[in-house]
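Novice: Under the working numbering, the first residue of the sequence shown is numbered 816, with each subsequent residue one higher.
Just so you know, these hints were derived from the structure itself, not from any lab. Any given hint could turn out to be false.
[Claimed, not checked] Below, in silico cross-link-like pairs of lysine to aspartate or glutamate (DMTMM-like), each with a Cα-Cα straight-line distance of 20 Å or less:
| id | residue 1 | residue 2 |
| --- | --- | --- |
| 1 | Lys933 | Asp1010 |
| 2 | Lys1112 | Asp1010 |
| 3 | Lys1052 | Glu1075 |
[As the list claims (entries may be wrong)] Restraint ranges, calculated between C-beta atoms of paired labels, are given here:
| id | residue 1 | residue 2 | range |
| --- | --- | --- | --- |
| 4 | Phe1104 | Leu1188 | 44 to 54 Å |
| 5 | Lys1050 | Gly961 | 35 to 45 Å |
| 6 | Ser1008 | Glu894 | 14 to 24 Å |
Every residue gets a Cβ at the ideal spot worked out from N, C-alpha and C, and that includes glycine.
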Amino acid sequence: MRILMVNKFLYPAGGAETYVFQLGAYWEAKGHKVEYFGMDHPENAVRNRWGLYTAAVDFHKSGIRSNMVNPLKLVYSIEAKRKMGELLKEFQPDVVHINNFNYQLTPSILLAMEQYRKRYGRKMRIVYTAHDPQLVCPSHYMYRPGSHQACDQCLTGGFVRCIAGRCIHGSLIRSCLGTAEALYWNWRKVYGSIDTIVCPSSFMKEKLDTNPLLAGKTVMLRNFVGNIERREAQKGKYVLYFGRYSEEKGIRTLLEVCRELPHIPFVFAGSGPLNDLISGIANVRNVGFLSGEALDKVIREARFSICPSECNENCPFSVIESMMHGTPVLGSDRGGIPELIEDGCTGWIFKAGDKDALKEKIQLIWESEEPELFVQACREKQFDSPEEYGNKMLRIYRGE
């Protein structure tokens, strides 16, 4: 089978990229022909044979104002559509597997796919893995900045609620452009060209099913786990957070709690815009971004890890990886997190954004023997292997 994997970032940037790289490598190992499409970047880990990519754009660093010469490129990318069309003609895939694409690639790539199918009469399948609720929420977080509150008003009150809440990075300009993008592409009904939408959580499926154009296309298929070696480890005396350092992940709330629990050591592993806030707290050690065995080791040896997200998470890899390494998780009650954690067996659940509740939970857990008692239950938690997931995905690719 000829499979085209599509993602705006083709270098390590988060969970979506981990998914794309691991799934693509699995297909290649099984003898399928795999190519990739996304933005051109010197750190790209995967590529395509024809060098067809869109120009790299970083709206976080350069800012929206620097792109106001052509703000519509956030909504509709002529370049991405053209490059996608050229790549489809060259590669002639049986399946296009789309992942994150909004803003940098834009849904204009779907127009190229529609045109290719009509022009060449090919029965090319289009599959989309919903790593976030972008198709029903312009900010893709379902979260109002600075509020500590999840939000689903766009699902019931329309996308203009994004402007009222300045939901995209707290910026009126960004929120207006994001809303324009959502309104335009929903009016064009372009998402109707997607054959199957893979939702990694029941929560995600429920939210996407509120859109009549998407309902009936969704299937729930939990993320797979790479080949993690389940090794015994001597537990250290620290609590771990690993992931992105950003507001919607609950970092501000967690850091406030860290300051109020000076007797408990915390280790933070990751990077992000709130990196500077982590310095200067005596009981917090920031080890930065880790990967491979270095990350595995710090997860294995933690007494427990924390997933304090205040946005509606989908199926966070951090929760899965932690349990696979025998480390129980204290997770917030947002999104798909409670679907992964069995409260009182493989971890604990607390009310997201509630500093006092988080503080009380951490203190109680730290002083109890539960983390050690939950280790075996975590190791026995079952998630799809690449092989199991691949077999299920192959049936989706074939339209079975």
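Novice: If you check the beta carbons of Phe1104 and Leu1188, does the distance land in 44 to 54 Å?
Specialist: violated (31 Å)
Novice: Can you let me know if the beta-carbon spacing of Lys1050 and Gly961 is within 35 to 45 Å?
Specialist: holds (36 Å)
Novice: Would the hint linking Lys1112 and Asp1010 be met if the CA-CA limit is 20 Å?
Specialist: violated (40 Å)
Novice: With respect to the beta-carbon atoms only, verify the hint that Ser1008 and Glu894 lie 14 to 24 Å apart.
Specialist: The hint (14 to 24 Å, Cβ to Cβ) holds, given that Ser1008 and Glu894 are roughly 20 Å apart.
Novice: Is the hinted pair Lys933 and Asp1010 satisfied, with a Cα-Cα distance of at most 20 Å?
Specialist: Given that 20 Å is the threshold and the Cα spacing comes to 15 Å, the pair holds.
Novice: Please verify whether Lys1052 and Glu1075 have alpha carbons no more than 20 Å apart.
Specialist: holds (18 Å)
Hints 2, 4, counting from the list given before, are not met by this structure.
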